[in-house]
Amino acid sequence: NIGPDGSGAIPQASEIIIRQVGQWLNQGGRQAITGNDPLTFGPFLRQDSERGDWDASGVFTASGHTLFFTLLYPCGNTWSVSGLEAEVLDISSPIAGRLAFHQEQGRLTVNLPELLQQTLAPVLQITCDRPPAIYRCGGMRVPKLKHHRYDPCPPDLQY
Numbered sequence: 646n647i648g649p650d651g652s653g654a655i656p657q658a659s660e661i662i663i664r665q666v667g668q669w670l671n672q673g674g675r676q677a678i679t680g681n682d683p684l685t686f687g688p689f690l691r692q693d694s695e696r697g698d699w700d701a702s703g704v705f706t707a708s709g710h711t712l713f714f715t716l717l718y719p720c721g722n723t724w725s726v727s728g729l730e731a732e733v734l735d736i737s738s739p740i741a742g743r744l745a746f747h748q749e750q751g752r753l754t755v756n757l758p759e760l761l762q763q764t765l766a767p768v769l770q771i772t773c774d775r776p777p778a779i780y781r782c783g784g785m786r787v788p789k790l791k792h793h794r795y796d797p798c799p800p801d802l803q804y
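For this note's numbering, count along the sequence shown from 1 and bump the result up by 645.
It should be emphasised that the hints constitute simulated quantities derived from the structure, not laboratory data.
Everything numeric in this text was worked out from a predicted model, so none of it was measured.
We put the beta carbon where it would ideally sit given N, CA and C, even for glycine.
Check before you lean on any hint, since a few could be wrong.
Stated by the list, open to error - Listed next, with one range per pair, are the computed distances between beta-carbon atoms:
{"hint": "1", "residue 1": "721", "residue 2": "750", "range": "13 to 23 Å"}
{"hint": "2", "residue 1": "752", "residue 2": "650", "range": "23 to 33 Å"}
{"hint": "3", "residue 1": "683", "residue 2": "719", "range": "21 to 31 Å"}
{"hint": "4", "residue 1": "663", "residue 2": "752", "range": "19 to 29 Å"}
{"hint": "5", "residue 1": "721", "residue 2": "648", "range": "30 to 40 Å"}
{"hint": "6", "residue 1": "747", "residue 2": "655", "range": "43 to 53 Å"}
{"hint": "7", "residue 1": "662", "residue 2": "751", "range": "16 to 26 Å"}
{"hint": "8", "residue 1": "750", "residue 2": "663", "range": "14 to 24 Å"}
{"hint": "9", "residue 1": "722", "residue 2": "751", "range": "15 to 25 Å"}
Can you make the complete structure from the sequences, with help from the hints?
The structure is reproduced here in structure tokens:
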């Protein structure tokens, strides 16, 4: 929330942030967050309703056969994800167009042009052959057997 200052004007710092958010919405952010399913996941055995997994670089959403990835933390000129349970047909970004990628042995790697590396929270639109799901059991490992994603025991630490 923002509010006017004592003179009734919007503070300049708030205006800058609001304009950046508006620019992000126009550069693919709206597609990534509007009317999509969050890719949820839990810490224990995979549930039927869970389609996602944790990623250190950003967040996933999905709609139909399209996976959206919002890159929140810079990762250089490539971004990789393992455990995607779909074949990727195309990858694009609203501001950079179609992106080069390759998918092999359960790992998808996308080449990120310099424009995306310099953009605040760029959105990747990943078109798949079926509704996307990600399962890698933490880290970058793709399990061969169904097992816990993380520590199967509830924590005994008291906060």
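Status of each hint after checking the structure:
1. 721 / 750: 13 to 23 Å: holds (21 Å)
2. 752 / 650: 23 to 33 Å: Hint violated: Cβ distance 50 Å, outside 23 to 33 Å.
3. 683 / 719: 21 to 31 Å: holds (23 Å)
4. 663 / 752: 19 to 29 Å: Since the Cβ atoms of residue 663 and residue 752 sit about 38 Å apart, the hinted range of 19 to 29 Å is violated.
5. 721 / 648: 30 to 40 Å: holds (39 Å)
6. 747 / 655: 43 to 53 Å: For residue 747 and residue 655 the Cβ distance comes to about 46 Å; the hint holds.
7. 662 / 751: 16 to 26 Å: violated (39 Å)
8. 750 / 663: 14 to 24 Å: violated (44 Å)
9. 722 / 751: 15 to 25 Å: With Cβ atoms ~22 Å apart, the hint holds.
The earlier numbered hints that this structure contradicts are 2, 4, 7, 8.
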